[in-house]
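*Asks:* Now for the letters of each chain:
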Amino acid sequence: MKNYTRVADITNLNELVQSAIELKKEPYALQALGKNKTLVMLFFNPSLRTRLSTEKAALHLGMHVITMNISSDGWILEFEDGSIMENTAAEHVKEAAQVVSQYADVIAVRAFAQLKNQQDDYEEKVIKAFIKYASVPILSLESATGHPLQALADAITIKEHLSSPKPKVVLTWAPHPKALPQAVANSFVEMMQKMDVELVITHPKGYELSPDIVKESRVEYDQDKAFEQADFVYAKNWSAFESYGKVLSVDRNWTVTAAKMEKTNSAKFMHCLPVRRNVVVEDAVLDSDYSVVIDQANNRTYAAQVVLSKILGA
Amino acid sequence: MKNYTRVADITNLNELVQSAIELKKEPYALQALGKNKTLVMLFFNPSLRTRLSTEKAALHLGMHVITMNISSDGWILEFEDGSIMENTAAEHVKEAAQVVSQYADVIAVRAFAQLKNQQDDYEEKVIKAFIKYASVPILSLESATGHPLQALADAITIKEHLSSPKPKVVLTWAPHPKALPQAVANSFVEMMQKMDVELVITHPKGYELSPDIVKESRVEYDQDKAFEQADFVYAKNWSAFESYGKVLSVDRNWTVTAAKMEKTNSAKFMHCLPVRRNVVVEDAVLDSDYSVVIDQANNRTYAAQVVLSKILGA
Amino acid sequence: MKNYTRVADITNLNELVQSAIELKKEPYALQALGKNKTLVMLFFNPSLRTRLSTEKAALHLGMHVITMNISSDGWILEFEDGSIMENTAAEHVKEAAQVVSQYADVIAVRAFAQLKNQQDDYEEKVIKAFIKYASVPILSLESATGHPLQALADAITIKEHLSSPKPKVVLTWAPHPKALPQAVANSFVEMMQKMDVELVITHPKGYELSPDIVKESRVEYDQDKAFEQADFVYAKNWSAFESYGKVLSVDRNWTVTAAKMEKTNSAKFMHCLPVRRNVVVEDAVLDSDYSVVIDQANNRTYAAQVVLSKILGA
Numbered sequence: 001m002k003n004y005t006r007v008a009d010i011t012n013l014n015e016l017v018q019s020a021i022e023l024k025k026e027p028y029a030l031q032a033l034g035k036n037k038t039l040v041m042l043f044f045n046p047s048l049r050t051r052l053s054t055e056k057a058a059l060h061l062g063m064h065v066i067t068m069n070i071s072s073d074g075w076i077l078e079f080e081d082g083s084i085m086e087n088t089a090a091e092h093v094k095e096a097a098q099v100v101s102q103y104a105d106v107i108a109v110r111a112f113a114q115l116k117n118q119q120d121d122y123e124e125k126v127i128k129a130f131i132k133y134a135s136v137p138i139l140s141l142e143s144a145t146g147h148p149l150q151a152l153a154d155a156i157t158i159k160e161h162l163s164s165p166k167p168k169v170v171l172t173w174a175p176h177p178k179a180l181p182q183a184v185a186n187s188f189v190e191m192m193q194k195m196d197v198e199l200v201i202t203h204p205k206g207y208e209l210s211p212d213i214v215k216e217s218r219v220e221y222d223q224d225k226a227f228e229q230a231d232f233v234y235a236k237n238w239s240a241f242e243s244y245g246k247v248l249s250v251d252r253n254w255t256v257t258a259a260k261m262e263k264t265n266s267a268k269f270m271h272c273l274p275v276r277r278n279v280v281v282e283d284a285v286l287d288s289d290y291s292v293v294i295d296q297a298n299n300r301t302y303a304a305q306v307v308l309s310k311i312l313g314a
Numbered sequence: 001m002k003n004y005t006r007v008a009d010i011t012n013l014n015e016l017v018q019s020a021i022e023l024k025k026e027p028y029a030l031q032a033l034g035k036n037k038t039l040v041m042l043f044f045n046p047s048l049r050t051r052l053s054t055e056k057a058a059l060h061l062g063m064h065v066i067t068m069n070i071s072s073d074g075w076i077l078e079f080e081d082g083s084i085m086e087n088t089a090a091e092h093v094k095e096a097a098q099v100v101s102q103y104a105d106v107i108a109v110r111a112f113a114q115l116k117n118q119q120d121d122y123e124e125k126v127i128k129a130f131i132k133y134a135s136v137p138i139l140s141l142e143s144a145t146g147h148p149l150q151a152l153a154d155a156i157t158i159k160e161h162l163s164s165p166k167p168k169v170v171l172t173w174a175p176h177p178k179a180l181p182q183a184v185a186n187s188f189v190e191m192m193q194k195m196d197v198e199l200v201i202t203h204p205k206g207y208e209l210s211p212d213i214v215k216e217s218r219v220e221y222d223q224d225k226a227f228e229q230a231d232f233v234y235a236k237n238w239s240a241f242e243s244y245g246k247v248l249s250v251d252r253n254w255t256v257t258a259a260k261m262e263k264t265n266s267a268k269f270m271h272c273l274p275v276r277r278n279v280v281v282e283d284a285v286l287d288s289d290y291s292v293v294i295d296q297a298n299n300r301t302y303a304a305q306v307v308l309s310k311i312l313g314a
Numbered sequence: 001m002k003n004y005t006r007v008a009d010i011t012n013l014n015e016l017v018q019s020a021i022e023l024k025k026e027p028y029a030l031q032a033l034g035k036n037k038t039l040v041m042l043f044f045n046p047s048l049r050t051r052l053s054t055e056k057a058a059l060h061l062g063m064h065v066i067t068m069n070i071s072s073d074g075w076i077l078e079f080e081d082g083s084i085m086e087n088t089a090a091e092h093v094k095e096a097a098q099v100v101s102q103y104a105d106v107i108a109v110r111a112f113a114q115l116k117n118q119q120d121d122y123e124e125k126v127i128k129a130f131i132k133y134a135s136v137p138i139l140s141l142e143s144a145t146g147h148p149l150q151a152l153a154d155a156i157t158i159k160e161h162l163s164s165p166k167p168k169v170v171l172t173w174a175p176h177p178k179a180l181p182q183a184v185a186n187s188f189v190e191m192m193q194k195m196d197v198e199l200v201i202t203h204p205k206g207y208e209l210s211p212d213i214v215k216e217s218r219v220e221y222d223q224d225k226a227f228e229q230a231d232f233v234y235a236k237n238w239s240a241f242e243s244y245g246k247v248l249s250v251d252r253n254w255t256v257t258a259a260k261m262e263k264t265n266s267a268k269f270m271h272c273l274p275v276r277r278n279v280v281v282e283d284a285v286l287d288s289d290y291s292v293v294i295d296q297a298n299n300r301t302y303a304a305q306v307v308l309s310k311i312l313g314a
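Chains as they are written, first to last, in our numbering: chain A, 1 to 314; chain B, 1 to 314; chain C, 1 to 314.
Source of the hints: derived by calculation from the structure; they are not laboratory data.
Glycine residues also receive a C-beta, built at the ideal position from the N, C-alpha and C atoms.
A portion of the hints provided could be inaccurate.
Derived list of chain B stretches under chain A, where covered just means 3 residues or more per stretch with a C-beta under 8 Å from a C-beta of chain A [said to hold, decoys possible]: (1) 33–46; (2) 56–70; (3) 100–112.
List time: in silico DSS-like cross-link candidates among lysine-lysine, alpha-carbon distance up to 25 Å [to be verified]: (4) LYS35(B) <-> LYS37(A); (5) LYS310(C) <-> LYS37(A); (6) LYS25(C) <-> LYS35(A); (7) LYS24(B) <-> LYS25(C).
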């Protein structure tokens with residue numbers, strides 16, 4: 001594996017998920033692989049799970065980790081070619097990516113969507129600039145339009161909790177006070193399209209994800225109907241793709257409740273976290289036995305670890 | 001030892017202090033104990049000594065350390081049960097503590113008092129939430145009402161500088177321009193109550209510490225009288241407990257001076273640091289031979305190390 | 001080597017550069033040297049290269065590294081002797097340096113010029129305070145008036161790209177929207193004065209560096225003339241020394257262009273980075289084969305590593 005910045009970088013998902021599950025049993029089995037290898041993690045945005053789980057994954061592999069909040073600890077970066085840099089940006093990504101490549105064996109980057117201009121975000125300027133200018137592999141810790149490590153952790157979690165050969169998996173939009181990126185939803189949809197599941201996406205009208213992501217996947221505007229016989233319910237807020245970055249609704253009727261979960265086939269409840277309790281989902285759901293959100297977070301370690309191991313040549 | 005979040009968590013103080021003194025002689029003696037163990041340190045507030053000494057302690061034990069400024073690097077946390085999270089907090093401590101537990105073998109937390117509401121602080125919501133929801137041991141790096149690692153370093157320092165079987169130990173309030181928590185003073189009082197010392201607490205009227213902390217310990221409002229024949233003088237500012245969080249006085253007559261120290265039994269001068277020179281204490285005292293503040297800071301390493309070693313099962 | 005805070009701390013430059021070039025071939029050759037040794041890096045200012053390359057260097061030597069943004073993660077420090085600390089500073093460098101010395105085997109400090117008062121900056125209060133009060137060696141990661149690790153990396157880079165026995169090396173001022181310190185220029189001049197090169201410094205009138213730094217080195221106000229037959233062109237902006245900290249000109253006629261580089265003896269282009277593209281230097285220069293700025297950044301690792309190895313007694 002050269003880079004892992006999108007779900008499409010996975011060539012054999014089954015094998016990858018299986019390897020992750022093996023690593024989970026014996027986390028230090030490949031501790032020699034990363035000896036004298038350095039992972040540099042560059043954060044343009046906050047992180048809890050991603051930061052800790054990716055560092056833990058690297059430690060399991062015997063790597064050394066250097067973590068930087070690049071915008072505050074380092075310099076504001078410029079991403080435009082040919083720009084006359086007389087404003088706030090002190091360094092061009094051309095130099096930054098080349099330079100950091102000399103100190104790192106793998107560079108991991110978190111750079112959220114700006115949610116101002118759809119085209120800018122969907123061009124993935126930041127992560128693509130790192131891929132273009134770096135001389136070492138790039139790992140996405142969530143980019144403008146995707147969160148592939150989260151999606152891999154989700155795939156591992158579904159695999160572990162599978163009770164039927166072809167489960168019904170529902171991705172449901174949920175309300176949230178702030179405008180959030182589509183990254184998690186996008187990567188989850190792409191991951192499910194690679195798995196043997198019946199995917200249903202449900203959200204209010206206006207919250208359609210990019211048609212380039214959704215493709216032939218089923219969209220159901222009636223949440224109740226979507227939940228029927230579901231085996232997995234994945235809740236996530238995202239801001240509008242068409243009316244780009246807008247919060248069109250904070251309708252609590254879309255909050256996932258215990259009552260709604262009863263309509264499912266004893267579905268597992270999933271969310272990538274952080275989650276706003278009693279806005280996105282009721283306490284009663286998160287605190288129930290069928291919530292697997294903590295397992296998902298745990299699997300972030302093994303998703304990152306299996307990907308890093310492949311990047312290091314395992 | 002399961003958690004170390006208050007002085008009361010110590011069952012055998014003498015043995016703990018003795019072990020710390022042994023570790024100080026051979027800091028790497030237990031380097032195998034922490035192999036493949038991770039300490040995650042979460043800071044809600046600034047730190048110099050605590051951050052560095054606790055990391056150093058963990059390194060001595062062979063642990064790996066991940067440090068996070070959780071509010072700025074991560075997400076704002078919610079601590080109220082049942083809240084509808086539509087404001088600034090993006091994640092509930094329920095999830096955060098459970099999730100971090102999966103990446104850590106020990107979680108260390110620094111969360112200062114807010115000094116707005118006495119009951120809120122003295123309920124110790126933050127540290128208690130971590131204890132409640134985490135599945136790994138919790139180490140306090142100073143909580144709202146206590147700083148037990150500092151108090152243990154103080155106990156070690158007193159033990160090392162002891163010249164009489166039952167020394168007179170004076171905790172004196174000192175002026176400070178800002179409102180500070182009572183945490184250090186509280187834990188110091190509790191620690192001294194566990195030791196064979198004659199404790200005297202001195203402060204202006206209105207600065208009484210919580211009666212639940214002070215218990216039967218002697219309070220002397222006349223600082224001069226308190227200093228007479230003292231073997232140790234521990235200076236510390238705290239804001240009022242009764243008029244909660246208020247600065248009632250910045251009276252420089254309470255500043256510890258060389259002249260005042262002359263009334264003691266050649267007392268050692270102690271302070272937890274950071275200290276405001278010539279406000280809390282004169283240069284002449286801090287720069288004297290009888291100041292042991294640097295030793296105290298050094299003992300922070302061995303306090304943390306002995307506690308971590310006990311948590312890891314030594 | 002006791003400390004490395006200025007170019008003058010180097011006693012045998014040739015041997016140091018040669019050792020660095022050897023380490024570059026076998027970075028982990030001295031990995032046993034730093035076992036159980038800790039480097040604490042204290043940043044008062046942002047850093048990308050310095051932070052990462054110094055940590056990488058320490059890792060090559062088997063050291064453990066603790067990095068702190070001291071102003072934000074720790075406490076605001078006081079540097080004045082005898083001050084009554086009732087303002088923003090919560091801790092005096094006297095305590096901070098002594099305390100950190102107990103947790104570190106080497107302390108590295110980055111503290112930029114304030115550019116408010118020439119005398120204050122040129123007295124080097126911050127780095128000198130650390131030297132004075134610390135009990136372990138001090139490494140400068142750029143101080144108010146010098147950047148000796150950068151200058152050492154520059155010396156290594158010139159040595160590697162040398163094509164004539166006594167090359168012509170031109171340090172040229174270049175425009176920049178913000179007032180920058182003279183540190184890099186100062187240390188580069190001092191380093192070149194130690195090497196067998198023909199140094200020419202070129203800048204607009206008013207941008208003269210300190211006469212204590214420049215000494216007998218040639219200053220040429222005509223940039224075109226300075227570039228003639230140059231073997232190395234080092235571009236760098238600095239604010240005025242005489243009209244201290246002022247931006248007297250942002251004249252783009254001083255920007256280094258491909259056309260200007262054609263007047264040289266196929267000179268290598270150097271810059272310490274970060275660099276503002278198309279302000280300090282044209283894209284055409286930075287993206288050319290004769291730009292060695294990325295090599296320079298790489299050599300930061302080996303500059304730091306050779307210095308740390310000498311400090312550790314290699």
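*Asks:* Hints first: check each against the structure and report whether it holds.
*Replies:* To see whether the hints hold, each was checked on the structure:
1. 33–46: Since three or more residues must qualify, the claim that chain A covers the region 33–46 of chain B holds, with 3 doing so at under 8 Å.
2. 56–70: The restraint on the region 56–70 of chain B holds, since 4 of its residues have a Cβ under 8 Å from chain A and three suffice.
3. 100–112: As far as the region 100–112 of chain B goes, the hint holds, because 4 residues have Cβ atoms under 8 Å from chain A.
4. LYS35(B) <-> LYS37(A): Holds - the C-alpha atoms of LYS37(A) and LYS35(B) are around 19 Å apart, at most 25 Å.
5. LYS310(C) <-> LYS37(A): holds (24 Å)
6. LYS25(C) <-> LYS35(A): Given that 25 Å is the threshold and the Cα spacing comes to 18 Å, the pair holds.
7. LYS24(B) <-> LYS25(C): violated (39 Å)
The earlier numbered hint that this structure contradicts is number 7, and it is the only one.
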